[in-house]
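In case you want the letters, here they are:
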Amino acid sequence: MSDNSKKMAVGVDLGTSNLLIYVEGRGTVFNEPSIIAIDKATKKVVNVGIKAANLVGKTHEKVEVIRPLSGGVIADVEMIKELLEFTLDTIFLSKMDNIRKMLICIPSEITETEKQAICLLGHGMGIDNVMIDAEVKAAAIGNGLDIYEPRGQFVIDIGGGTTDFGVLSLGEVVLSRATKVAGEYFDRQIIEHVKNTHKLEIGDQTAEKIKIALASIDGDLPVDEDGHELTYIAKGRDQVEGLPQQAIIFAHEIREVLLRCFETIKSTLIATLEVTPPELSGDLVTNGIWVSGGGAKILGLKQYFEAIARVPVHISDHPLTAVINGTKKLLQFEGKHYFGESRVGMEARAQ
Amino acid sequence: MKKTMQGLGIDLGTANLLVYLEQKGIIFNEPSVIAFDRESGKVVAAGRDAHEMLGKVHNKILVIKPLRHGVISDMNAAKALMTYVLRKVENMTEKQLSMTTSVICCPSEVTKIERDVMIDLAKNMGSPDVFIEEEIKAGALGSGVDIFESKGLMIVDIGGGTTDVGVLSFGDIVLSRTIRMAGNFMDDQIAKYIKTTRGIEIGELTAEKCKIDLATLKTDNNTIENRYAGRDIVKGIPRWINVNTKEVREVLEPIFTEIVKLISALLKDTPPELSADIYDRGIILTGGGSLIKGVAEFISERIHIPVRVVENPLTCVAEGTRFLLKNRGDYLVNPLQL
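Protein chains in written order, with the numbering used here: chain A, 1 to 351; chain U, 1 to 338.
Just chain A, same shape as in the assembly:
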């Protein structure tokens, strides 16, 4: 056995909200928020992942909590490197040079310079073979779609920082669009809403919890066991008196907030469909649209998108892990995009 075969292939879903790492032969080994906490004085990493996420909005001034991928862009390359190195270290308990190749999935609307920066980052960590691929592509594969056929597939990935729309055919992204209206944006809108209507200031973590508990966009409102509309008791600081206070948030309020947010998603979806080549557009009537990412957990999304696009909409079974599952296959293919070479000629076909 060559020395190379001992080394590992690693897939990384570098999402705004969550960082997922897949290791060939070991499966998905890390799935935690992509948040890093560092000591301001020593610049040392204090915590990453869930432990760092728990610190959001709760730290003293000696520790800084950073989301290095804020807004779906590479906000802080140094911090991303720290984050990756720290997590990989905890997983492997060994040196970086054990990694043979690494595939990093990024939002499709990222610029060439940012791609270069990520490539360099990988090289800086001592990995020679760094591949970059679009999240929508990995998500499509993770949803179990055969994207290597000459047939159009449409994928929506509602992530933390961006919502990505992609049309795929022959193993590659034909066209893609993105909007910054995604998970983080929903949270901010919920904070705004609670502030304006309940005069209560809440933190990011609370806003996210409200969203997870109550989010729905179409159909019946979510109800509890007794048939009453679902509510969430949000705790924060009263704006007028400045005292800790709580307020009851109803599911219909969150629906209104989300409906406003989804106006942008709706128009981007239509804009993407408008520029889809007619032949691929025709395939969508049967293939439909696949939704993945954390946003896919919003109730009633299927009906909502079906009413807009009038094609079947499928919600991913594993919305949060679709991308990382896709990297598994992509690592094997190494970015090849067509597999039909051997099928040519009548005779060859008949046999």
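Think of the hints as simulated: they come from the structure by calculation, not from any bench.
Incorrect hints may have been included.
Okay, derived cross-link-like pairs now, EDC-like style, lysine to aspartate or glutamate, Cα gap no bigger than 16 angstroms in a straight line [as the list claims (entries may be wrong)]:
#  : chain 1 : residue 1 : chain 2 : residue 2
1  : U       : 60        : A       : 149
2  : U       : 195       : A       : 274
3  : U       : 60        : U       : 39
4  : A       : 43        : A       : 64
5  : U       : 235       : A       : 306
6  : U       : 192       : U       : 247
7  : A       : 115       : A       : 78
8  : U       : 79        : U       : 94
9  : A       : 328       : A       : 24
10 : A       : 235       : A       : 192
11 : U       : 235       : A       : 274
12 : U       : 60        : U       : 37
The structure displayed is predicted, hence computed values, not measured ones.
Put chain U on the given structure of chain A with help from the hints.
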């Protein structure tokens, strides 16, 4: 010892490429489409596989139809297609190719320059001995008609890029005319019709499929309806639409009226002695366009001459090259008797 040259007959049509190899028969019959990887310039697919990619590719793959209106418009692509096919299907090396005599068929009304391009193609492939023959001549031979008699015969070849009409006698073409209204033009017209009447944009492949499914010129038969998918030009969303045979007929009729006009114009110019022969023997129809239902009746109703569709409209040109390879297109030598 004299080298024996192997004959290679090529029907490089706008829609389909057919290759005939002596002693082997027709070795390739697929759409003349080729797909390249843009970065490496390598061939990704050819023939049917590449055809399926039309209108469906991302910007890493380039899909090319090397022919337009019956002539080569992209030399590199045409060469790549030919060499790829020969290597894939028959494992032909350059050395083997240097021992071949090739005949390439082209529409009758192409210029000297366009013919030279065809010769260059074969030379580029490595085949040293090339000659060019007209598709209608090969088509007539391939459908089993003896064109070497001193008897007039009219042949209409409705292909992908061009419709060719010719009068043959004594082993060669007496007169011929070409128009650029054929299969591809029909597809375009169908797509245009659906866009204007329904507000749905459909792709090249879908338009072709629609034509193959629904094209008919018969007025009495029941209307068949089929559904096709495209993109709504107002809302931008994908949508199904129903198209029926009647609508397709409406689109096709003006095109075939033009073809009938061309036939009658040619008949007017035909020397009277040959006219008499054509009146007896009728007109033969070849090419993919002759597969449209009712086309023979449509033409014969309008010019009052019997019209018949050959048995092998799609492959007759390639089959005809078998005979042309024997006599190198010499009208004095009848290959049917060799």
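Do the hints match the structure? See the list:
1. 60(U) <-> 149(A): Holds - the C-alpha atoms of residue 149(A) and residue 60(U) are around 15 angstroms apart, at most 16 angstroms.
2. 195(U) <-> 274(A): holds, 15 angstroms
3. 60(U) <-> 39(U): Distance ~7 angstroms between residue 60(U) and residue 39(U) Cα, so the pair holds.
4. 43(A) <-> 64(A): holds, 9 angstroms
5. 235(U) <-> 306(A): holds, 14 angstroms
6. 192(U) <-> 247(U): Roughly 12 angstroms between the alpha carbons, so the hint for residue 192(U) and residue 247(U) holds.
7. 115(A) <-> 78(A): The hint holds at about 14 angstroms.
8. 79(U) <-> 94(U): Holds. Residue 79(U) to residue 94(U) sits at ~13 angstroms (cutoff 16 angstroms).
9. 328(A) <-> 24(A): Roughly 7 angstroms between the alpha carbons, so the hint for residue 328(A) and residue 24(A) holds.
10. 235(A) <-> 192(A): holds, 14 angstroms
11. 235(U) <-> 274(A): holds, 7 angstroms
12. 60(U) <-> 37(U): Holds: residue 60(U) and residue 37(U) sit about 6 angstroms apart, inside 16 angstroms.
In this structure, none of the earlier numbered hints is contradicted; all agree with it.
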